[in-house]
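Q: What follows is each chain in one-letter form.
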Amino acid sequence: MELIVRDLAVARGGVPVLEGVGFQLSAGAALVLRGPNGAGKTTLLRTLAGLQPPLAGHIGLDRDAMAYAGHADGIKATLSVQENLEFWARVFGTQGVQPALEAFNLQPLAARAAGNLSAGQKRRLGLARMVVTGRPVWVLDEPTVSLDVDAVAMFASAVRAHLAQGGMALLATHIDLGLAEAQVLDVAPFRARPPSPDDFDGAFL
Amino acid sequence: MELIVRDLAVARGGVPVLEGVGFQLSAGAALVLRGPNGAGKTTLLRTLAGLQPPLAGHIGLDRDAMAYAGHADGIKATLSVQENLEFWARVFGTQGVQPALEAFNLQPLAARAAGNLSAGQKRRLGLARMVVTGRPVWVLDEPTVSLDVDAVAMFASAVRAHLAQGGMALLATHIDLGLAEAQVLDVAPFRARPPSPDDFDGAFL
Amino acid sequence: MASIWEYANPKKFIETTDRLLPWLSVTALLCLVVGLVWGFFFTPDDYKQGSTVKIIYLHVPAALMAINAWMMMLVASLIWIVRRHHVSALAARAAAPVGAMMTVIALATGAIWGQPMWGTWWAWDPRLTSFLILFLFYLGYMALWSAIENDDTAADLTSVLCIVGSVFAVLSRYAVNFWNQGLHQGASLSLDKEENVADVFYHPLLVSIAGFVLLFVALVFLRTQTEIRARRMRALIARERLQ
Amino acid sequence: MIALLIRDLKLGTRAGGGFGLGLSFFLIVVVLVPFGVGPEMGQLSAIAPGILWVGALLACLLSLDRIFALDWEDGSLDLLATSPLPMEGVASVKALAHWLTTGLPLVLAAPVLGVLLNLPQAGIWPLIWSLGLGTPALSVIGTFGAALTVGLKRGGLLLSLLVLPLYVPTLIFGAEVARRGAMGMEIATPLLMLAGITCGTIALLPFASAAVLRVNLR
Amino acid sequence: MIALLIRDLKLGTRAGGGFGLGLSFFLIVVVLVPFGVGPEMGQLSAIAPGILWVGALLACLLSLDRIFALDWEDGSLDLLATSPLPMEGVASVKALAHWLTTGLPLVLAAPVLGVLLNLPQAGIWPLIWSLGLGTPALSVIGTFGAALTVGLKRGGLLLSLLVLPLYVPTLIFGAEVARRGAMGMEIATPLLMLAGITCGTIALLPFASAAVLRVNLR
Amino acid sequence: MMPDLGKYAQAVLSSYAVSIALLVVLVAMSVWRARKTRRELTDIEQRVRRDG
Ligand code: HEM
Ligand SMILES: Nc1ncnc2c1ncn2[C@@H]1O[C@H](COP(=O)(O)OP(=O)(O)OP(=O)(O)O)[C@@H](O)[C@H]1O
Ligand SMILES: Nc1ncnc2c1ncn2[C@@H]1O[C@H](COP(=O)(O)OP(=O)(O)OP(=O)(O)O)[C@@H](O)[C@H]1O
Ligand SMILES: [Mg+2]
Ligand SMILES: [Mg+2]
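Residue numbers (my numbering), protein chains in the order written: chain A, 1 to 205; chain B, 206 to 410; chain C, 411 to 653; chain D, 654 to 871; chain E, 872 to 1089; chain F, 1090 to 1141.
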């Protein structure tokens, strides 16, 4: 399995943000996206995950292979940690949430209502969801926000375990994850040039 | 004028967060609060600003001397930058928003609707409000979030100008502001000890 | 004799009520059984209302308790606002569902009674209408309690709601009176002997009312204990998070 | 899909889930109307079916914004969109969950509240029938409206405005059934129309809702 | 204080400000009712004053959650609380702004919509009087409810549940004035009561609102 | 033993049935919740004492 992206252009709020993005990722590899605030990392990841159509270009893998985790974790405050995970397991048709709980050291919290977790614990729950999906390509937008050092290490080893099973991971992040083996892609050079104002068509620009 | 805080205890969501906090700040001085996430900096600042009552202790200055700026900027998206500032000027009974606009280089944006600003520009507008209040004690919670380097320098010089006029500033922040002259208070040592579980009273602990 | 406020200590409250509860519940049950059995089996039919008069042994005590429960909540709310004793706020919270249930019973028995007497389940009579409004107040009060996470905030807000609501409940009562003159009986439990219902009906009614009062007190004690424990549980969980 | 339904029902019935709020609102509207139009039973009984229908419709309407807004705010909707569930399925399940937590209680409560408005005995079954057949359409149409306005801040009132015109046909036929029933007339024709509307919306609208949701998620 | 009023009015009338939404809701309720109760003019005209009052009340109700929620979300409320304005003043100004953007338009629109419901000529002035005197009370009471529920997620329906019973006296007297007026009867007594309620709430409730707001800001 | 309730038997009996049922429900709910919280609190107290 391989993820090949060629000449991708993405837009946010009607404005092209990135264009000409291309990379190639094979099974067992990870790609880290970097770039300043507002560069378009989130937009790119959402496009790859199939949440929005690309402006142009080609994504060489079905969106059904991807599992996406964005800025928000989609956690229901009134359900317990276990219930939250079990719900996603059932949606994705997988069984058993124990491995996911273990990977992020959530067993002691399993029965706690998710609303009573601290921000970092919530984030760990959000990441544990990725394990539960059973999908090969993880698309993660700033996964380590509000995690402390131990939890970041936990996360890195979860990603490594996933890669070792032949999975892939795409991550946007500002910090160092300790994933030395990952490729890095800086999106800044792909910033979309504003179209010429004479080109009065399509997007009226 | 002097701000003397003695033996202050503050609580958030019914749980004591900090206790025994004490410091002294004289006119023209600044105090930077530091501490890990969730230590209670925000709670402490809200208490000082009079938004919530302290659990115990004494704050030796009237809350009418303080101007507070929190995580949220209170910006109205449909009003222009100038209108936003003018509103606060009238509320605080001061005149003229020009100095504030200048201090944060907002003149070029004065007529722009505040909703169309980038995150950093919004933050600059939020900080310009402090200048407009005309109050001697600035209470600032993470003022530099989403500011770039130039804007941080702008902010530091605005604070210095305020101090030079005999004002005071209390700031909670994780980054280095370039305010070398400021005192630093780490709140971590003041963390409230959990009360003994046998103490079945008051807050039921 | 120690100050009454001593019982505002949650632990003390639980200890005291634990001792009282068995007695209370037994007497409540006894009064209820005696009152209702006496009323149901051993009273004659009214010459005008026939056997439906037996409904009075449920209807009137429930109606009384519905109002008194709100009164008790009002007092407890005031105590919380003035003296900030947590137990009183929790007692108000505990009483609300009981009061609401009493209101429902009064409404239901009244409606069932109205069918043979007035030929309709419901009429927009002032007494009936103000009861319906009281029920709405109970609903809102309980909904507000359960919507707010922070206990002290919830206690403050519900107390203010209870006070403001009481004022408006009284206002509504007058408004409703103005709006419609009703069918319902006047007060027959007044001290003036002339107006009272006949003694045959009166005595079992008193026993039944006593039963309802005792039941109410017992339930409020029990539920306040529960609220105290739940509150302590939340505090302990929060404390764990603190560490 | 069943997992989603179960989760939504759980969320709806747990603390703060809003179960019962629609019902209380219904109750309140029904109580307010006599205060407005006066206490005469004859007049109330004449307008009872209509008021009950309008009240049920408003109660339904006001609970619509919970359908997607909460999932949108906490990001669940993004995650559901990238899950194996088809968007159409999500929209249908959401509508079903809304009906079960709002519409169904309204149907069950309506006869009781009918008593307050002195609804004639004969009108009770037609009322139940019409609401039972009509409220699913209200939920499905409402889900479409909620999908349209998801992501708008305080979209509640706008949502009401968008949805209300769409509710008009359902309301007309539903209230007609209830009114004719109360007057002891024949109700087959409007009931059939109502059933037609309900089936049509259930069959078709989830596709529109799904399309609109996808647009809103971009 | 005036600055706050001007700002709120500006915000209300700019895009997305919600000005007009209450009005449209009023319109829609008034339009829906004939669909519900049937088109006979005699009956409609009898219930017209009541329906107009209930409709105005609901329109008012649904716009309540905007009073504080937006300021709460963007942090303005915190800043206002630390400003020199007293909380009581903030609560009063907010109520006034709500009345100017919602209540006043309803008062002006009511006679026009009365025509739709065949309101008798004689009832028009009493209707305007009763709404004009009553809607300020609705705004002030509603501000109290909004202050109670500020900070609750999706508190809208809860807000309705809390506020509606508080609206009952106002509604009763207001509708009574309108109804008696439409029947050509004497209206002085209920009008006086209505005025009393309005004055009382305006004088006292802002203190409760301010207290509640302070609690909610903690 | 049963008193003759005449033509109002249905009304009287149903109101007794409804009221007693409601009271029983109220009492049962209260007792059930009391038991449950008491149990949960003991659990948590033990855990807290153990973990310090
Ligand atoms: C849903 C309908 C009804 C409601 C909400 C209702 C409510 C009340 C209330 C609030 C009281 C006052 C208790 C007190 O203050 O002493 C009361 C008392 C009473 N009701 Fe009703 N009632 C209803 C229907 C009826 C009907 C249909 C009858 C009989 C025809 C009836 C007969 C009585 C009697 C005899 C009393 C005792 C009066 C007294 O001792 O004060 N009620 N009811
Ligand atoms: N909802 C929106 N509507 C319009 N434009 C938006 C919206 N959200 C973001 N943008 C703009 O789109 C551009 C790309 O944003 P994006 O969120 O992809 O950046 P990012 O690289 O993820 O930034 P960050 O590191 O801050 O997360 C930014 O310039 C931003 O101003
Ligand atoms: N709304 C709330 N309800 C209950 N507890 C809260 C709430 N907000 C914060 N807390 C808790 O109170 C504690 C102090 O939070 P506070 O926001 O003061 O921290 P902080 O030092 O400002 O952190 P940060 O650096 O992340 O801003 C934290 O442990 C947090 O879990
Ligand atoms: Mg991003
Ligand atoms: Mg903070």
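One or more hints might be untrue.
As the list claims (entries may be wrong) - Simulated pairs of lysine-lysine, BS3-like, Cα-Cα distance not exceeding 25 Å:
id	chain 1	residue 1	chain 2	residue 2
1	F	K1096	C	K422
2	D	K663	F	K1125
3	D	K663	A	K122
4	E	K881	B	K327
5	F	K1096	C	K421
Please keep in mind that the hints were generated in silico from the structure rather than gathered at the bench.
Q: A separate judgement is required for each hint: does it hold in the structure or not?
A: Hints versus structure:
no.	hint	in the structure
1	F:K1096 - C:K422	53 Å, violated
2	D:K663 - F:K1125	20 Å, holds
3	D:K663 - A:K122	20 Å, holds
4	E:K881 - B:K327	20 Å, holds
5	F:K1096 - C:K421	54 Å, violated
Going down the numbered hints, you'll see the structure goes against 1 and 5, while the others check out.
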